[in-house]
Amino acid sequence: MKDLLSVEWLKIKSYRTFWILIGCFIVLLPLWNYEISKGIINFTKGAGANLLGGAYSFPGVWGNVGFWGSVFVLFLSMLIIIITTNEFTFRTHRQNVIDGWSRLQFYHAKVLMVVLFSVLATIYYIIIGACFGMSNLGTFGDIFSAPEQFGYFFLISLDYMGFAMLLALLLRRSGLSMGLFLVYTIILEAILQHSLNYITSSKAGNYLPLQASDELLPFPLTEMMRNMMHAQQSSLSSYVYVTIGWCLVYYFAGRMMMLKRDW
Amino acid sequence: MASVLSISNISKSYGSIKALQNVSFEVPEGSVFGILGPNGSGKTTLLGTALDVLKADSGTYSWFENMQPDEARRQLGALLETPNFYHYLSAIDNLQIAAAIKHRGMDDRLRVLEQVNLLERKDSKFQTFSLGMKQRLAIASALLGSPRILVLDEPTNGLDPAGIAEIRELIKALNSQGITVIMASHLLDEVEKVCTHVAILKKGTLLVSGDVNDVLHSEDIIEVQSEDMALLNRVITGMAGITNVRQANSMLLLSCQKNIQAQHVNQFCIDNGIVLSHLLLKKKSLETKFMELTNG
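If you're matching them up, the sequences are chains R and Y in order. In this text, residue positions in the first sequence follow this note's numbering: the first is 1, and each later residue adds one. In this text, residue positions in the second sequence follow this note's numbering: the first is 1001, and each later residue adds one.
Treat the hints as calculated values from the structure; they're not laboratory data. The reader is advised that the hints may include incorrect statements.
Stated by the list, open to error - Derived DSBU-like pairs (lysine-lysine); straight-line CA-CA distance at most 35 angstroms: (1) R/Lys2 <-> Y/Lys1055; (2) Y/Lys1202 <-> R/Lys13; (3) R/Lys260 <-> Y/Lys1055.
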């Protein structure tokens, strides 16, 4: 495992695109949250208050930073698409195998990258959440008051990046994969979700690949409204299981593709 | 001689196109083994299959008499079709990745770059390289860690004449150190100059394989004529080194062994009291032979 990751590190350590996208994630996520917390960006101006800005103390901070973090995970997903399709563009996927990796080793190196990025993104999420929470009258002990949120964030990251990688392995072309990924995440899944829910008069559409994990950290205002109306807090465990299920589907579909197809 | 690669009954189709049909041969250790064939004859497909980047529909291959394939690939250096490197990395960083995958030491990188005359460009990015330099880097990468076998697909692609000569010399020098070289080429001349063994492919079928001198032996034909053709025929048939005598029009066409030249035939006839009225050496070019083999 260490061997595979160390080779992946050699591939990206002097890759400018990698550092720019990582930099975007690292810099923009706290900046964005800072501006919301201070009311500089205010989605609720009409309500005459900064509703979201109030939610930066524990434990609300996790839902707030988590939601925005899951949006910013798109940067990391794009990065996954780029470093995966690069291998096909440069035909280095072939060369790695010619040089002695098995096809599965090549695949697992990429899967490990997705897992590693998810872990690192989650750690970063915890650090940022902790910083905002602590600066809003929280104590160190409060950081671990809602640890399930850390798991949700990890699952969202894994779900998005796993999905992105499967698309990249399937299509092999950078522009096409990126385009379809954005179209699906921003537009297509919403259409599918609402159509499914409408047709079946159920919440079936909420269990689509990316939506299932989105349900774990919903848009903070929606969550607030639910709380205000004392709506029944539905259990998130089904979304957790379905998200894990989707991640397994990506893994096995990708694995089958890598073993069967010509390179 | 032990075989380092054994290909047996490999077939592979792309849709309706049969890229390889039941191809089998053995590559003896220590040889320079040429896989020769026109464009699209299946050379790269065959090597790609043996290197596990392509999946054969049927048939098997084995390196070093059934060594585990991933392990075997780490023991060889291979260049398949195009030089494949990370465009944004320098030559030396690209070699670092190859060396890490092969489990080779990093200190070997300078030696191989020196060997292909790329040392002074070691820190330049791959994307700034010319076609010939990319090809050299691919050869350098194949040389990492002194592999027992080199697999080179069209190794002189994109090189200038001096570069082609250099690579030929390099292949010969490596082979003299005991390294087996398997190279695919559509250049007959290249194969003839460096290879000890050859397999000829045409449209996915193996036409012939074996020692290069047997397969590509270019037999010369000597045409002779004299007043008494019957006597000439009788006498010349008895000459040592003449393998075949055919009558064509008013001439006799002699196929002969390599050591027999026109003056030997002339001398032999004079010694036997025959004066030739016509004596002509017809060289059959390798190209003609190749065309015959691949078009026949």
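The hints, checked one at a time:
| no. | hint | in the structure |
| --- | --- | --- |
| 1 | R/Lys2 <-> Y/Lys1055 | 28 angstroms, holds |
| 2 | Y/Lys1202 <-> R/Lys13 | 45 angstroms, violated |
| 3 | R/Lys260 <-> Y/Lys1055 | 8 angstroms, holds |
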